[in-house]
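One line per chain: the protein sequences are A and B, in this order. Letter 232 of the first sequence, counting from 1, is numbered 231 in numbering that gives the first Met the number 0, and no numbers are missing. Letter 251 of the second sequence, counting from 1, is numbered 250 in numbering that gives the first Met the number 0, and no numbers are missing.
Misleading hints may appear alongside valid ones.
Distance windows between CB atoms, simulated [said to hold, decoys possible]:
id : chain 1 : residue 1 : chain 2 : residue 2 : range
1  : A       : Asp203    : B       : Arg305    : 57 to 65 Å
2  : B       : Glu208    : A       : Cys77     : 52 to 60 Å
3  : B       : Lys149    : A       : Asp272    : 38 to 46 Å
4  : B       : Pro227    : A       : Ser235    : 53 to 61 Å
5  : A       : Asp203    : B       : Lys292    : 41 to 49 Å
6  : B       : Lys149    : A       : Asp159    : 47 to 55 Å
7  : B       : Lys211    : A       : Met181    : 54 to 62 Å
8  : B       : Pro227    : A       : Gly223    : 52 to 60 Å
9  : A       : Met181    : B       : Pro268    : 49 to 57 Å
Quick look at which bits of chain A chain B covers, simulated, 3 or more residues with Cβ under 8 Å [unchecked claim]:
id : segment
10 : 18 to 26
11 : 127 to 136
12 : 175 to 183
Just so you know, these hints were derived from the structure itself, not from any lab. The structure presented is a predicted model; accordingly, all values stated were derived computationally and were not measured. C-beta: ideal position from N, C-alpha, C; glycine also.
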Amino acid sequence: MPSNNPDSKTSAAHGTPAGVFSSLTLEEMQAVARKLRRHIVSMIGKAGSGHPGGSLSAVEIITALFFHVMRHKPSDLCWPERDRFILSKGHAAPLLYASLAECGYYPPEELATLRRLGSRLQGHVDRTCTPGVEMSAGALGQGLSFGIGVALAGRLNSQDYHVYVLLGDGECDEGQVWEAAMAAAHFKVDNLTAIVDNNGIQLDGWNRDIMNLEPFGKKWEAFGWQVIEVDGHDLSRLVDALEKAKRVEGKPAVVIAHTIKGKGVSFMENKVDFHGKAPDAAQLELAMKELA
Amino acid sequence: MPQEVAMREAYGKALVEMGRENPDIVVLDADLSKSTMTHFFAKEFPKRFFDCGIAEQNMVGIAAGLAASGKIPFASTFAVFMPGRCFDQVRMSIAQPRLNVKLVSTHSGITVGEDGISHQAIEDLALANSFPGFNIVVPADAIEAVQAVKFAAATDGPFYIRLVRPKSPLIYDERYRFEPGKASVLREGVDVAIIATGLMVVEALKASEILKSDGISCRVLNMSSLKPFDEQAVNTAATETGAIVTAEEHLEHGGLGSTVARIVAKYHPVPVEIVAIKDTYAESAKPDELMQKYGLTAKNIEQAVRRVIERKKR
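Produce the entire structure from the sequences given, and follow the hints as far as they go.
Written out as structure tokens, the structure reads:
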């Protein structure tokens, strides 16, 4: 697994002399993923509300992006050449907040303020509040359109940054996702990669029972996208898939990451109930033990 | 007769002019560029023009992404589709993060005419007024439309600019300068203030002429800036004239009349009459026929003035 950062001699979490975040090794990323899971469960437990299921399912996706694939500078939020990450499934805010903290955008202690009055960490992501958050989200289906705009601006400005948009699979019920899918292919936006956290569950139940998305990959293909399917909890394969997606030319690419909702906490895994429910005190203790 | 010019044609040409000066200006449309007149820009700057097809939600989302990346996007379609069709996209992707997107809708109100109620936007100002932090401009003629568009391009933040389909008489000359949050005083008067917006400004001026011959002195204000709103001009009008008539080509709910009534009730209660569409949809017909049937003419303003002056005497 090659580093995407030629300056990187070490894998220290706080970057190279230029301030560009250094790519971590596989072992280091695995440790980060465990840490992010602990943050997620503990933040949501403390807040007493939030969405653990869809945060836990996307931990490896975000880890691969922020700690290996993406070029970014936690010390310079407006660095023009930074790769852009857009969290379209805005309810996975705790996961993004934890990752940004671990990258050094703000101190991890701040994670305890999630959803509190006056906190920079809002219930759903808000670009006006949190350093490193590129787009406000929460109402589903809007991130891919926004990402196309960011990608088109990069093309107009001859900048070579790449745009990553993370969607939920349930989110793809929204018609706007497919308007955007059509447009991205039409405009030949190849500096954008969509990633779908394909955990199979939405708020009311399993996707296949609530609103069937299949044949999911074929739909994206029919809309003109390069489709790459991958085990969304295998960091090594995820990194390869994301780097392969970035190299696709002349059309956009989507990485369909097959994941498990609530991954890592036994009693949350594949449980519809933990889409949007915080663990109680006993569950929190148990979960933290499992994630130790 | 003053010269008649279509606001949307003036807008389309202004985009080209601004595009030549500022490479960051980009334009989006939703398959209506020949009607919204963004096609002028498309022709001169094909790489900076994005026809998003018949997909307004996606269009405003792309505009938000462009704005977040330093571009100055102008997105256009009919007023019935924006902000209506893409309300939540404007709300979350543009209004909440206060992004620098300029929404310029054409074909607002009932002067769309024969296309009928599906195409007559009479609720758009209520929708746009509900976004905290938005700038809203309803120009009264083509000269003001160009001024507003140039002002929007030069000012950071989200804008909704509401244009109409038909040609309309010019009330300003080239020396006019649009000021945000400022009413433009077109006639001084002491008996009543007529506060109008959009195409109704011309009707207000006509009404004031008729009333003048009856010895009624009307102050006429063009309230093109609905957000920010010139509360002071309304206060002054209420204090100095003691009676107010508003006029707009929009529902009575959530537009100019309801804003003026809120301010008057809050600071200086005086009788107010609202000339607007009364809680109904219209129908297909010629624009002039509709303006008459739905009560949006100089005659309706004149009658409202007479009523409000009667109420003032009580």
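In rising order, the numbers of the hints this structure does not comply with:
The structure conflicts with hints 3, 6, 8, 10, although it agrees with all the remaining ones.
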